[in-house]
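One-letter residues, chain by chain:
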Amino acid sequence: MTNHWIDIKNSDVILIMGSNAAENHPVSFRWVTEARVNGAPLISVDPRFTRTSSKADIYAPLRSGTDIAFLGGMLKYILDNDFIHTEYVTEYTNAAYLVRNDYDFDATTGLFSGYNAATRKYDGTSWNFQTDGAGVILRDKTLTNLQCVYQLLKQHYARYDLNTVSAITGTPVAKLQEVYETYVQNSYQPGKAGTIMYAMGWTQHTVGAQNIRTMSMIQLLLGNIGVAGGGVNALRGESNVQGSTDHCLLFHILPGYLKTPEEAYQTLAEYNTKWTPAARPTPAGEPTSANWWGNYPKYMVSYLKSMYGTNATAANGFGYDWLPKRDQGANYAWQPMFDAMYNGAVKGFFAWGQNPANSSANVNKVRQALSKLDWLVTVNIYGTETAEFWRGPGMDPGSIGTEVFQLPCAASMEKEGSVTNSGRWAQWRYKAVEPPGQAKPDSEIMNEIFTAVQALYAAGGAFPEPILNAKWDYFTGTESAPRLIAKEINGYFLADAVYGGTPYSAGDLVPSFAALKDDGSTSSGNWLYCNSYTNHDFTAGNKMARRGREAAGIGLNGEWAWCWPVNRRIVYNRASVDLEGHPYDPARPVISWNAGLAKWDGDVPDGGWKPMKTGGAWNADSRLPFIMQPDGVGKVFANVTGASTGDGPVPEHYEPLESPLATHPFGAAHERINPVVYIPPADEMSPVAAPGSAEYPLVCTTYRMVEHWQTGVMTRWVPWLNELQPEMWVEMSEELAAIKGIANGERVRVRSIRGEVKAVAIVTKRFKPFTIQGDTVHQVGVPWCFGWFAPQRDNTRTTCGNLLTPNVGDPNTRIPESKAFMVDVVKEA
Amino acid sequence: MAESGKSFLIDTTKCFACRSCQVACKQWNARMADDPVPTNRGTYENPPDLSYNTWVLVHFKEAVRNTDGALVWNFVRNSCRHCLDAPCKQAAANSDSIIIDEQTGAVLFQEGTSRESFSKIRNACPWNIPRLGPGGQMFKCVMCIDRVREGMLPACAKACPSGAILFGDRADMLATADARLAAIKPDHPDAAILDRDQVRLLILVAERQSLYTTQVELTGV
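If you read the protein sequences in the order shown, they are chains A and B.
The opening residue of the first sequence carries number 1 in our numbering; numbering runs sequentially from there.
The opening residue of the second sequence carries number 1 in our numbering; numbering runs sequentially from there.
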């Protein structure tokens with residue numbers, strides 16, 4: 001989230017789309033309730049009327065996979081009427097920038113300039129801005145030049161008129177209007193703020209990143225970023241997934257969102273050059289961008305010092321050689337990983353705190369892939385379908401050679417450590433009880449395995465340096481390992497230093513990432529968490545353990561726990577004030593310039609520089625508000641600084657891979673699906689239904705439910721929860737049930753081209769048929785929390801929703817398109 | 001008397017049927033799941049009825065509101081009303097079988113209910129709450145009297161994430177209920193506090209009762 005949970009109470013209008021927040025975040029939903037009690041309308045947009053919809057003032061249905069069309073219509077409403085926060089848009093975004101004349105979008109094909117059909121990739125060179133001789137970007141602050149971003153957006157979204165959008169999404173025109181008016185009118189003026197709460201309903205699509213892009217553009221145009229009650233707010237789906245994301249447990253990033261090295265960058269110097277952006281010049285005398293990623297080398301070197309300790313020196317590139325290098329352009333995301341496993345290229349697998357046999361898309365393939373492993377280690381607090389895959393539905397244990405090790409681990413209250421929530425708040429938790437039996441905390445399990453591996457490498461092995469040179473002194477027993485690790489993550493001065501006028505000794509904890517250096521004199525396991533643990537004494541230093549509540553205010557609660565970056569509760573908050581530093585919303589100020597003390601009051605400012613203007617004159621030593629962007633402004637137009645990229649610079653509606661429509665609604669010549677989505681080679685385990693297939697005519701989506709947790713590993717063992725939701729169901733409209741002759745409560749089968757599940761039919765008013773381009777299209781939905789192992793241990797139960805889902809996904813993240821695919825439903829008999 | 005003791009406020013405008021209340025009650029009071037092998041009956045609502053083990057049951061109702069044609073999905077929790085003047089106690093042959101706690105007003109079934117006529121006690125209850133356990137003793141919500149006597153909230157109120165279940169001194173609960181009713185009445189003319197002066201479990205509804213459930217009677221009238 002750019003904002004945080006409590007801040008939701010400050011919103012003047014709340015849009016929940018791509019999320020069922022009441023269902024999946026029942027405790028945090030109280031902040032939505034508080035905003036509602038204060039008069040903020042709640043809008044729920046969802047293919048199905050959900051628990052969230054039941055509390056909403058406005059519910060709007062839409063066909064799964066049409067969010068960009070829906071939001072494109074909102075953009076048109078905003079742009080046609082200029083319902084924007086004008087100063088914000090002109091000064092804090094790139095809306096005024098002039099785009100290169102060779103930039104083009106072809107409305108007939110749906111392609112931007114620079115597309116290579118053979119590689120399915122764009123060269124985004126033309127998606128950039130015109131500059132003068134000094135490299136300063138040309139701009140038109142009147143927003144009238146036809147080549148400025150604002151005018152190009154008007155042209156782009158002119159096609160998203162109400163009737164066109166309605167024919168794609170199935171949302172009635174009057175309902176579209178009601179949503180657009182309610183959201184925009186309650187949030188575009190200075191002093192008003194609207195918020196968006198979203199989750200997997202937006203991300204799990206082949207246009208997932210673009211879904212969020214569209215809303216980010218809307219929020220920038222309305223001036224809703226950096227202000228109280230605004231923001232772009234992702235509701236994370238697991239209690240510490242934000243922590244795992246920040247510590248970058250993904251193949252392409254290192255802790256703090258640094259990049260994993262690729263083969264093309266063989267030295268630290270080359271790597272740093274590649275990933276350290278340069279700020280562009282601004283007009284003479286005007287503030288520049290802070291270009292905060294310009295500090296990249298400091299964070300990378302400090303990370304390497306945490307990884308390899310004293311073994312990392314300037315002479316050896318601080319151990320850069322010891323980091324694995326990705327094959328150039330290779331993608332080791334979840335889907336390709338299981339493809340490789342299926343093809344026999346992956347021999348061993350740790351399924352650590354997860355249940356991929358039920359949680360992946362297209363689990364038939366995943367389960368087969370597991371059977372190709374030599375060994376599998378599962379670390380969990382319960383048995384799972386993954387650990388038991390070899391005797392699951394359709395498996396012949398006698399022919400499977402995988403050796404499975406099940407390691408019991410401690411549950412969250414049986415160990416100490418931090419948990420980071422959606423709002424970036426890292427909150428320290430304590431050990432309440434001992435783990436049962438032989439269960440151990442994950443960190444201890446990792447330590448035992450790694451030290452054993454180190455011992456083996458000490459006796460020989462290929463390329464032992466990365467293993468033997470690792471700094472690994474967290475389990476000495478002098479202090480709890482989580483605390484020592486948390487300190488390492490914060491980082492240390494490795495030599496005496498002076499920062500902010502204060503002297504520090506070698507071994508002191510670094511107070512802020514602004515003190516990190518690229519010369520090996522500092523370490524930090526994750527620069528984003530620098531400032532979280534600033535003193536060796538736990539009480540004085542572990543800011544994540546603080547529990548100070550705000551007496552009054554907008555809910556920042558700056559003394560409660562700690563958030564990144566440097567405890568800044570609302571990011572980009574320099575955009576919450578006008579050019580002279582006065583809050584746009586004096587009733588709910590985030591920061592405010594205190595001229596007398598020459599400092600900012602309120603939240604940690606997004607850089608302490610003075611306001612951009614004083615008395616009408618530019619302050620050249622000030623900075624633009626979007627400090628992480630090289631241009632310092634919010635990107636309404638996503639220009640690129642490299643030669644190639646993923647999706648286009650502005651979102652366009654494309655159909656899901658599996659869709660009820662044979663061709664794109666804009667025309668047969670229009671790219672039907674996202675033109676840069678990776679299409680894996682077809683294999684017998686990953687078929688895809690043809691668009692408009694008669695055999696699979698129903699749109700299907702998947703969702704969670706409040707009663708069970710993820711794949712149900714922890715909850716299906718609990719009789720009280722199992723009683724609430726005992727078994728797999730499929731929700732369908734009364735109209736579809738009548739056509740199929742299915743009665744409520746009848747047992748049916750849901751089938752996609754990839755697999756089939758048995759389910760109980762729930763016939764409901766909460767799905768209604770859609771009218772899409774004049775034809776009736778039905779949608780159904782299934783949960784994915786059921787499985788065969790718990791509690792019945794019955795491998796004839798084929799009840800996992802992910803037996804149906806496709807394993808093709810977003811080109812940037814490879815998250816699968818679990819929210820929009822095609823099925824049929826048939827009676828059991 | 002009518003203003004003393006404790007009361008619950010069930011604010012259905014904040015409830016989204018997570019059923020933490022239903023589960024928390026079972027956990028604190030050590031109740032079992034009703035059916036060791038439960039099945040789905042074509043609804044989220046389960047178990048089908050209150051029982052010896054199930055003292056709180058959340059009902060779900062989908063309906064089209066005839067005032068504006070809007071789809072609604074309403075939720076209401078059913079459980080003992082802890083009447084101020086309990087008809088179940090009046091129907092009991094022995095005054096020790098069902099007692100009213102002096103401090104809180106909680107209506108509490110005692111072991112002596114096993115010697116009462118179940119049909120008589122049950123039929124006396126306008127909401128059909130009492131259920132029979134093995135050995136003939138009757139069971140229902142106990143207002144978590146053991147928790148309340150220690151200054152704690154009943155388990156359901158403690159567990160509710162949305163503020164839909166409040167618990168406290170009756171005078172405070174009535175004031176809160178009345179204020180909330182006044183706030184929603186302009187947009188919801190059918191809003192009401194059901195049996196306000198007769199019960200300690202105050203249920204605030206925003207619409208007419210048939211939009212919440214047709215499985216049980218919500219009012220005692």
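Please note: incorrect hints may appear among the correct ones.
What the hints assert, rightly or not - With a straight-line cut-off of 20 Å between C-alpha atoms, the simulated EDC-like cross-links for lysine to aspartate or glutamate are: (1) A:Lys765 with B:Asp68; (2) A:Lys768 with B:Asp187; (3) A:Lys471 with A:Glu448; (4) A:Lys758 with A:Asp683; (5) B:Lys185 with A:Glu34; (6) B:Lys61 with A:Glu734.
In short, the hints are calculated from the structure, not lab data.
Hint by hint, here is what the structure shows:
For the given pair, lysine 765 of chain A sits about 16 Å from aspartate 68 of chain B by alpha-carbon distance, which is consistent with the 20 Å threshold. Between lysine 768 of chain A and aspartate 187 of chain B the alpha-carbon distance is near 26 Å, which puts this suggested pair outside the 20 Å criterion. Among the hinted pairs, lysine 471 of chain A with glutamate 448 of chain A is consistent with the structure: their alpha-carbon atoms are about 15 Å apart, no more than 20 Å. A threshold of 20 Å between alpha carbons decides the hint, and for lysine 758 of chain A with aspartate 683 of chain A the separation of about 25 Å lies outside it, so the pair is violated.
Note on lysine 185 of chain B and glutamate 34 of chain A: the hinted pairing holds, with a Cα-Cα distance of about 18 Å set against a maximum of 20 Å. The hinted pair formed by lysine 61 of chain B and glutamate 734 of chain A meets the criterion: a straight-line CA distance of about 15 Å does not exceed 20 Å.
Comparing the model with each numbered hint stated earlier shows that hints 2 and 4 do not hold.
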